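Undergrad: Given the coordinates of chain A, work out where chain B should sit on it, guided by the hints.
Quick mapping for you: the protein sequence lines, in order, are chains A and B. Residue numbering for the first sequence follows this note's numbering, beginning at 1 and increasing consecutively. Residue numbering for the second sequence follows this note's numbering, beginning at 483 and increasing consecutively.
If you're looking for bench data, these hints aren't it; they were derived computationally from the structure. Keep in mind it's a predicted model, so treat the numbers as computed, not measured. Worth double-checking, as some hints may not be accurate.
[To be verified] Covered by chain B, according to a simulated footprint, are these stretches of chain A (three or more residues, beta-carbon under 8 angstroms):
#, stretch
1, 187-198
2, 204-218
3, 279-289
4, 293-300
A virtual CB, placed ideally from N, CA and C, is assigned to each residue, including glycine.
Protein chains: 2
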Amino acid sequence: MVARVVEGDDPRVLQLGHRPRLAAEAREGLLVEEAAADHLEGHEATQADVPGPVDGAHAPLAEQGLEGVGAQPTGQPGDGPSGEVGGLRGLRSARRFDHRLQATPQRTAGARDSARSRGSSARSSRRCRGPAGRQSPRRTGADRAGPAAPGCYHAAVREEELVDELLAGAGDACAQASDGPGGGGVVLGPGDDAALLAPPAGHTAAWSVDDHIEGVHFRAAWCSPRALGRKAVGAALSDLAAMGARPAGALLALGVPKGFGRNEARALGLGVGEKLSAARAALLGGNVARSTAGLRVSVSVLGWVPAGRGLLRGRARTGDALFVSGTLGLARAGLLHLERGGDPREELFAPAVARLLDPEPRLALGETLAARGERVACMDLSDGLARDLPRLLAASGVAARVDAERLPGPPADLARALGETPAALAWVGGEDYELLVAGSHELEGCNDLRRIGCVVPGPPGAVRVSGEFPGARAKGFDHLAP
Amino acid sequence: MVARVVEGDDPRVLQLGHRPRLAAEAREGLLVEEAAADHLEGHEATQADVPGPVDGAHAPLAEQGLEGVGAQPTGQPGDGPSGEVGGLRGLRSARRFDHRLQATPQRTAGARDSARSRGSSARSSRRCRGPAGRQSPRRTGADRAGPAAPGCYHAAVREEELVDELLAGAGDACAQASDGPGGGGVVLGPGDDAALLAPPAGHTAAWSVDDHIEGVHFRAAWCSPRALGRKAVGAALSDLAAMGARPAGALLALGVPKGFGRNEARALGLGVGEKLSAARAALLGGNVARSTAGLRVSVSVLGWVPAGRGLLRGRARTGDALFVSGTLGLARAGLLHLERGGDPREELFAPAVARLLDPEPRLALGETLAARGERVACMDLSDGLARDLPRLLAASGVAARVDAERLPGPPADLARALGETPAALAWVGGEDYELLVAGSHELEGCNDLRRIGCVVPGPPGAVRVSGEFPGARAKGFDHLAP
Numbered sequence: 001m002v003a004r005v006v007e008g009d010d011p012r013v014l015q016l017g018h019r020p021r022l023a024a025e026a027r028e029g030l031l032v033e034e035a036a037a038d039h040l041e042g043h044e045a046t047q048a049d050v051p052g053p054v055d056g057a058h059a060p061l062a063e064q065g066l067e068g069v070g071a072q073p074t075g076q077p078g079d080g081p082s083g084e085v086g087g088l089r090g091l092r093s094a095r096r097f098d099h100r101l102q103a104t105p106q107r108t109a110g111a112r113d114s115a116r117s118r119g120s121s122a123r124s125s126r127r128c129r130g131p132a133g134r135q136s137p138r139r140t141g142a143d144r145a146g147p148a149a150p151g152c153y154h155a156a157v158r159e160e161e162l163v164d165e166l167l168a169g170a171g172d173a174c175a176q177a178s179d180g181p182g183g184g185g186v187v188l189g190p191g192d193d194a195a196l197l198a199p200p201a202g203h204t205a206a207w208s209v210d211d212h213i214e215g216v217h218f219r220a221a222w223c224s225p226r227a228l229g230r231k232a233v234g235a236a237l238s239d240l241a242a243m244g245a246r247p248a249g250a251l252l253a254l255g256v257p258k259g260f261g262r263n264e265a266r267a268l269g270l271g272v273g274e275k276l277s278a279a280r281a282a283l284l285g286g287n288v289a290r291s292t293a294g295l296r297v298s299v300s301v302l303g304w305v306p307a308g309r310g311l312l313r314g315r316a317r318t319g320d321a322l323f324v325s326g327t328l329g330l331a332r333a334g335l336l337h338l339e340r341g342g343d344p345r346e347e348l349f350a351p352a353v354a355r356l357l358d359p360e361p362r363l364a365l366g367e368t369l370a371a372r373g374e375r376v377a378c379m380d381l382s383d384g385l386a387r388d389l390p391r392l393l394a395a396s397g398v399a400a401r402v403d404a405e406r407l408p409g410p411p412a413d414l415a416r417a418l419g420e421t422p423a424a425l426a427w428v429g430g431e432d433y434e435l436l437v438a439g440s441h442e443l444e445g446c447n448d449l450r451r452i453g454c455v456v457p458g459p460p461g462a463v464r465v466s467g468e469f470p471g472a473r474a475k476g477f478d479h480l481a482p
Numbered sequence: 483m484v485a486r487v488v489e490g491d492d493p494r495v496l497q498l499g500h501r502p503r504l505a506a507e508a509r510e511g512l513l514v515e516e517a518a519a520d521h522l523e524g525h526e527a528t529q530a531d532v533p534g535p536v537d538g539a540h541a542p543l544a545e546q547g548l549e550g551v552g553a554q555p556t557g558q559p560g561d562g563p564s565g566e567v568g569g570l571r572g573l574r575s576a577r578r579f580d581h582r583l584q585a586t587p588q589r590t591a592g593a594r595d596s597a598r599s600r601g602s603s604a605r606s607s608r609r610c611r612g613p614a615g616r617q618s619p620r621r622t623g624a625d626r627a628g629p630a631a632p633g634c635y636h637a638a639v640r641e642e643e644l645v646d647e648l649l650a651g652a653g654d655a656c657a658q659a660s661d662g663p664g665g666g667g668v669v670l671g672p673g674d675d676a677a678l679l680a681p682p683a684g685h686t687a688a689w690s691v692d693d694h695i696e697g698v699h700f701r702a703a704w705c706s707p708r709a710l711g712r713k714a715v716g717a718a719l720s721d722l723a724a725m726g727a728r729p730a731g732a733l734l735a736l737g738v739p740k741g742f743g744r745n746e747a748r749a750l751g752l753g754v755g756e757k758l759s760a761a762r763a764a765l766l767g768g769n770v771a772r773s774t775a776g777l778r779v780s781v782s783v784l785g786w787v788p789a790g791r792g793l794l795r796g797r798a799r800t801g802d803a804l805f806v807s808g809t810l811g812l813a814r815a816g817l818l819h820l821e822r823g824g825d826p827r828e829e830l831f832a833p834a835v836a837r838l839l840d841p842e843p844r845l846a847l848g849e850t851l852a853a854r855g856e857r858v859a860c861m862d863l864s865d866g867l868a869r870d871l872p873r874l875l876a877a878s879g880v881a882a883r884v885d886a887e888r889l890p891g892p893p894a895d896l897a898r899a900l901g902e903t904p905a906a907l908a909w910v911g912g913e914d915y916e917l918l919v920a921g922s923h924e925l926e927g928c929n930d931l932r933r934i935g936c937v938v939p940g941p942p943g944a945v946r947v948s949g950e951f952p953g954a955r956a957k958g959f960d961h962l963a964p
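Looking at chain A on its own, in the form it has when it is part of the complex (with noise of 0.2 angstroms):
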């Protein structure tokens, strides 16, 4: 981004390209060069390069006149004598793989309008424009001064431009540093060493991680940039569900492979801020790392559940009625949909798809729960009901028993289209992010909490499926077989 940066503005400097080089001499004024791209993070290449003579390809700025960028400086009005830092050219940060959520301190684009709008004053230009135009006046916390001040640049550096497209894609989800506390308590957003929260009065706080990985949680042939961050998020948030909390905000930390670019990066960030939007959380920051492999998004979440009202797994008792929400086995299909190269708008396939990469956390399920106050038993489904209804009963020390018909499959069609059942579809099916609830009968019809079975005596975590179970001779598994 050197280069880019270079060319824009004076084709003489060219060569600055892309290595690191020795400065001759060293007296006064710094430039942070590009890392060495082999160098572990935190101990990249960084050297001098400063006016004088040097044995490298080009020579200084200062020396060259040049007035575009690094020439010299203003003072800011009444900010103290004028030219205190002349002759130094600042600091064009090295390029790093790793870098937290936080706007870059110098925007290729902002270097670019210094060169032409000279006469505003660094800070009233601190105000960002967003890549898309956008006026983002609250973009302007830490690490972020807006067009570069003369005397100074800033090549924006790969990584900060992906986590710029990031933030921008991530929009109003995108909480600045200067906003006020918010709904979920928001203080401080993006672009400082840690986001702050202000807790609501009477809550504890929900706090939750998760992964996804391409190759082992998504295939980015199926699941666009944009779906994965919807997809990431609605996950995370889903646990935050299962405990009851309402969500305040999300940090993420991404390893990116090489191709994923800015337009990857803002696709991201529009679906990490749809879901997050929607759920009214903010974006607070995260870490940006290369990866070696495929794509990478692990999402923390935080949220908060009014104190001693957290749906735990291990509240299950004996006598207890057993309910989930929703319909189950859906995600399932819409893997063996595609699995098998169908269509994704396929109409009758469309929901399945839909679930699979758009999971819709039951957060207002969970907040009602958690609001009743009454001893609940509660999970989210994420590895389906077979997996994961055993991990509550053990929790809680009890057995349950489920009746087979009563599972919440998909449409009957849609199943045999696959040549599953809907009952095997919702014992197997992972991924639907519906809620496990384990509580009193009348929980019956409390949003759509449907009863499957009921919790019985027995060794912790075993599961009798009650009636025929139609799934298991299913052809349907044969294609699990390795």
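TA: Relative to chain A, chain B alone:
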């Protein structure tokens, strides 16, 4: 691990093996089978495996009259009719590569114990022995059911074993579900959908995430799993120090490559636990996922800072003094030494290597600054002064002058041995995790803050290093050329 359980208990069913197999009969009782490894998380293979003739290589356990594992169920006294779930053999979790940091529903050792100590009730035996034989009655929260109840067995799965080892390694730093609110406000530790923390009155949450990726941030050859645990947690906690926050807890999101086994998980957990304990913080959960590349540790940390006292980057003002804590450039010296093939134990370099591998977050200093309540700007130095100082300045809209001779670099003989100067190491060295502070001149000597320069008006982010800068021509920079 399935095979290992079975081998230990009954050689007759060795062929149970690792491959899913269709059951010929599927009526009651479900056994979750080993997953096909190439399926997406949340959709791994699950199939019924029940008493009756099967087309696989083995006769079902019940038919063989096997008593060691999974035979006659025994009801718990007072829990209802014995045999209510009779005939079912319980659940084996499918192998999965993504697992929240929660204890295994049924541990391998537990399953063996159950074969020997038939008489104990399942409930009373939910106290799990840690892998080291330590009684840890608190490790009995969600999802940890202890030794298998007769009539039910669970095969431990590899990732869940890794989680167990990690938690065991973390030891007392691993806050358990049954813990009451502690110093950090921990209400609920690992094992549920989310951790719960009760905010101390009048405090704001500080929340951050930090990644350590093999080949990007560390090299496995230099950084043992235990050291990585210490380093990753130390670096993450440094963000809290930089905000003036007192750490409460951490969530770990691990990506584990092939070859990362129980010993490595235990060692990583040990390092994580040591570092968290030293900060009086708790391991509260996380996520273990398969990594298609190297090892990855993402650490999300949460702490509490008195409301309104958070140490932001954007609060430096012209006239402020500029301070750093401790010694800068030590970690870089350690890195250079290791990169040159040096012995990490070599006396001259040992402190430098220790700093590289085991950063010490300046938590006490951060808390002190927050408690003083004065206006200061603060950030931690993860990428080196040359890159981090401009960030703080840009966030504050100011510039700075730094006196190279005041930079608190490593000892001269250490620098000399590396062909460097102390000042150059101090200026460019990353990963020291010291604090950079701008504020009143009276902060000099607060903890170990030392003045290195002052804040001046000028282009936001610009730095002038006054005096001869001795490092710029040093040969030491040569090796950074690509």
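Undergrad: Within the assertion that chain B covers the stretch 187-198 of chain A, do at least three residues meet a Cβ-to-Cβ distance smaller than 8 angstroms?
TA: holds (count 10)
Undergrad: Are 3 or more residues of the stretch 204-218 of chain A near chain B, judged by a Cβ distance of less than 8 angstroms?
TA: holds (count 14)
Undergrad: Does the stretch 293-300 of chain A contain three or more residues whose Cβ lies closer than 8 angstroms to a Cβ of chain B?
TA: holds (count 5)
Undergrad: Counting residues of the stretch 279-289 of chain A that have a beta-carbon nearer than 8 angstroms to any beta-carbon of chain B, does the count reach 3?
TA: holds (count 5)
Of the numbered hints given earlier, the model fails none.
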